[in-house]
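Chain order of the listed sequences is E and L. Once you know that position 3 of the first sequence is 3 in our numbering, the rest is easy, because the numbers rise by one and skip nothing. Once you know that position 14 of the second sequence is 14 in our numbering, the rest is easy, because the numbers rise by one and skip nothing.
Hints should not be assumed to be uniformly reliable.
[What the hints assert, rightly or not] Which chain L residues stay away from chain E? Per the calculated CB distances, all over 12 Å, these:
1) 64
2) 172
3) 203
4) 227
5) 237
6) 250
[Claimed, not checked] Derived contacts from chain E toward chain L, CB cut-off under 10 Å, selection only:
7) 181
8) 205
9) 290
10) 318
[Said to hold, decoys possible] Label pairs and their computed distance ranges (CB to CB):
11) L:53 <-> E:222: 27 to 35 Å
12) L:276 <-> E:318: 51 to 59 Å
13) E:112 <-> L:133: 35 to 43 Å
14) E:97 <-> L:133: 25 to 33 Å
15) L:187 <-> E:392: 45 to 53 Å
16) E:513 <-> L:28: 47 to 55 Å
17) E:112 <-> L:278: 51 to 59 Å
18) L:121 <-> E:318: 35 to 43 Å
19) L:154 <-> E:351: 28 to 36 Å
20) E:391 <-> L:278: 49 to 57 Å
Keep in mind that the hints were calculated from the coordinates and are not lab data. None of these values were measured; they are calculated from a predicted model. Note that CB positions come from ideal geometry on N, CA and C, so glycine has one too.
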Amino acid sequence: MADHNDPNAVNSIFSDIDPSAADVYDMFGFPGPDDSQGDRVVVALTFASVPETGVFDTDMLYRLRMFAHPRAAVTSDEPRDLDTLRRYIEGVRGTYFGAEGAMEIRVTVDERGQAMVAFHDFPGGSFSVTVPAGEVVAIPAPDGLTIDAFIGGRDDAFFNDLPGFFRSINYAPQFYHVPSTRPDLRELPIPKTLLELEGNDLFNYNPAVPDLGWGVKLDLPPGPYDWKGNSFKKDAAGNYRLVYDGRDARAGQNVNAIILEMPLTFITRRPEADRIVDIWGESWVRKASHKVSEIPDHPIWHEHPLAFLSPDYRDRQLDGYKLVDTVGQPFADAGLSERENNRQLGANNFWLAPHFVRRLAHLGWGFGPSVTALGLRCSFDTDNAPVPVHRVYRSAVEAFPRARTVIFQRLNMPDGSWDRRKLGIPLRRPFEIFVPNVCALDMDTTGTWPFGRRLEDQVANRFLSLFLDMESASADGSAYHVETLSEQALWDAAPITPKTSPNPLKNDKEFLPHFPYLAEPW
Amino acid sequence: MTQATAGACADELRLLEEALTSLAGADGADGATRRGYLRLRHARLSGVLAELREADAAVDAALRRHPRWPDLCYLRASADLDMHRPGTTLERLDAAPELGRSPAGLELRGAALEQLGRYPQAEDCLTRALVADPSWQALASLALVRAALGDQEGADALYGRAEDELTAKQMSAFAWVRAARGDLASASGDQEAAWAHLRVASAAYPGYWLVESRVARLLCQQGRLDEAADAYTAVRARTGRPELAQALGEVHRRRGDDEQAARWQAIARAEYAASAERAESLYLHHHGRR
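Model the full structure from these sequences, guided by the hints.
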């Protein structure tokens with residue numbers, strides 16, 4: 001659920017909402033493997049394969065937006081001089097205001113399976129091409145550059161125990177038919193938790209209905225829904241039960257995707273300075289009025305492809321569409337924005353920052369005691385609460401002291417391989433990751449999350465690792481990192497069943513070593 | 001202008017039938033709600049009165065089986081409006097406070113108050129609903145209120161806003177709004193604008209009885225009586241609605257065909273009476289006038 005089933009307008013977890021091509025799933029961004037001719041940037045936007053895998057909804061318009069700028073950080077080997085300061089300030093400006101002048105790629109697909117791809121405001125200019133869907137094509141760009149493109153159906157690259165996450169937040173619609181007129185009955189007022197709670201009968205694993213939440217749904221029983229217990233549930237051997245079971249809920253399922261690999265010099269004239277590429281995706285659906293009155297029998301691009309490039313036309317084109325979904329960072333919308341339709345802001349999600357603080361504190365009161373119960377150090381201040389607490393904050397000021405470390409701690413990486421050029425790039429911190437809501441790809445790294453997002457990243461476990469205290473070292477001197485929860489040794493040693501990583505550690509199909517990287521569809 | 005899909009209404013009706021068939025085995029409150037909703041939607045789109053009655057009865061039966069399911073309460077209150085029972089809608093919303101406070105509940109309450117002619121209260125209610133959720137339904141209901149209060153310009157602007165909320169996946173709703181704008185233009189004497197709206201509505205969602213009945217009415221208003229008779233005959237044959245029989249009788253009267261006029265007027269009277277005998281309030285206003 002990096003962004004699956006978000007926002008609620010396209011949340012097909014609800015039985016009365018059909019899967020929608022407007023439901024964008026994931027935004028991947030990483031450096032291309034072959035940099036012998038200079039850096040190349042791989043971006044992949046995935047979304048629901050509606051109406052079918054490889055067949056596109058002709059009422060949709062997808063936008064990939066990007067902006068390159070210097071890194072808003074000073075690496076350990078950079079000189080402390082005026083140039084470094086100037087570059088840093090430029091990086092800060094690019095990070096927080098770059099979205100205003102972002103380049104964009106618009107994609108629409110017609111009934112004949114022809115994709116119109118329009119590149120706007122790139123350094124080499126704007127241009128558009130028509131390419132067939134479902135084929136790897138090389139798009140010639142200005143300045144003799146080449147862009148690899150694939151627009152078609154693939155295996156879903158996301159691997160995640162979706163029902164496990166929903167158990168952890170007591171999200172009823174995954175398990176029960178929840179009345180659509182009762183939005184208050186979605187996340188029930190039960191503490192969030194990573195370990196089953198004694199008496200949490202609605203969400204604890206029920207051997208009588210083993211597939212509950214995995215395709216099986218029951219009518220939501222009448223309330224009250226609050227939790228009256230005071231302990232974690234333990235089996236006869238004294239083991240906790242993890243709310244996850246590590247299965248891949250997206251196994252065997254496909255997406256439609258827009259995948260591009262382009263030279264960094266296509267995105268910026270200063271590839272040596274602009275090392276960060278901010279990327280995000282959007283889905284737009286055609287307005288009813290536009291469908292009737294503005295679509296000619298023969299789409300204009302067949303005869304006048306240049307017409308698409310004028311700013312006037314672009315604005316008029318978007319006037320005929322409604323923004324539905326955005327995706328930048330995994331979990332920014334589905335985890336922190338709670339799928340609200342009015343929180344689909346794209347990169348400029350600044351006004352959501354207070355909400356993120358409150359939400360992280362709300363999650364912290366749930367996940368924190370679970371972390372502690374497993375014998376791990378927690379980054380959230382729970383006052384040593386022995387069990388999770390359901391606490392909702394109205395004020396970010398009130399919530400912040402509890403979540404201070406969660407928000408500010410540097411997220412350790414398991415080893416130094418991510419900093420592929422050994423530049424001493426600073427580790428990222430949660431407040432830098434989720435605001436603005438972009439996939440901020442650092443071209444001097446491998447692009448592994450949070451320095452971008454690679455296909456093989458287990459981002460759900462990495463998101464949960466925010467609640468591990470990465471600042472203080474253990475007795476043996478080791479520190480937690482974003483992969484700690486993916487280490488089998490941790491689960492083997494923990495008093496818990498099942499002894500599994502919360503989420504699967506690899507995709508159900510092998511990724512390809514070459515473009516378009518995502519596996520063939522099922 | 002491009003037609004969205006030839007026979008879009010027929011296509012959607014077929015999809016609804018398939019969905020209903022696929023839900024035949026679904027039990028529980030959610031399954032019952034979905035079946036009730038699909039039947040009600042089918043009846044609304046087909047315009048067939050007998051279907052509306054059946055859907056109304058099906059929702060009633062489902063609610064008896066699952067009396068505490070909020071979505072069924074909502075569906076019941078919504079069907080009450082289709083059956084011209086706005087007072088009952090209000091009672092149901094009062095009995096379910098959480099539903100009544102929700103944006104959907106407020107919108108429904110506003111529509112019921114509008115049906116009752118309690119326009120200031122309806123306006124207040126719909127305005128509150130719009131603050132929480134600027135849905136096309138609330139905007140369109142508010143437009144109806146503004147039109148009833150004589151603010152044609154404000155009503156049309158609200159319909160325009162409602163239209164802007166609708167996507168290509170909601171073409172029937174778009175046609176509904178355009179038909180309403182056609183009514184508004186026609187009522188203010190701008191028949192050219194009325195035709196423009198109806199042409200767009202027809203192209204957007206071909207085969208929709210509601211639009212076809214508005215086209216027949218506009219033809220009649222313009223004195224194109226033979227065409228109006230044909231149009232009314234076609235849509236009446238499909239839907240069996242007594243108000244269309246009455247309109248057809250009126251067209252024939254104006255054409256000077258007294259025999260056909262009397263025949264259709266008699267059919268309409270009989271059907272109004274039959275409706276009243278079923279204790280329906282659907283046509284009480286017609287029945288009382290005759």
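To see whether the hints hold, each was checked on the structure:
1. 64: holds (16 Å)
2. 172: violated (9 Å)
3. 203: violated (5 Å)
4. 227: holds (23 Å)
5. 237: Non-interface label on residue 237 of chain L holds, nearest chain E Cβ at 27 Å vs cutoff 12 Å.
6. 250: holds (31 Å)
7. 181: holds (5 Å)
8. 205: violated (22 Å)
9. 290: holds (7 Å)
10. 318: Since the shortest Cβ distance to chain L is 13 Å, the answer is violated.
11. L:53 <-> E:222: 27 to 35 Å: holds (31 Å)
12. L:276 <-> E:318: 51 to 59 Å: holds (53 Å)
13. E:112 <-> L:133: 35 to 43 Å: holds (38 Å)
14. E:97 <-> L:133: 25 to 33 Å: holds (32 Å)
15. L:187 <-> E:392: 45 to 53 Å: For residue 392 of chain E against residue 187 of chain L, whose Cβ atoms are near 50 Å apart, the range 45 to 53 Å holds.
16. E:513 <-> L:28: 47 to 55 Å: holds (48 Å)
17. E:112 <-> L:278: 51 to 59 Å: holds (52 Å)
18. L:121 <-> E:318: 35 to 43 Å: For residue 318 of chain E against residue 121 of chain L, whose Cβ atoms are near 39 Å apart, the range 35 to 43 Å holds.
19. L:154 <-> E:351: 28 to 36 Å: holds (31 Å)
20. E:391 <-> L:278: 49 to 57 Å: holds (55 Å)
Checked against the numbered hints given earlier, the structure breaks hints 2, 3, 8, 10 and satisfies all the rest.
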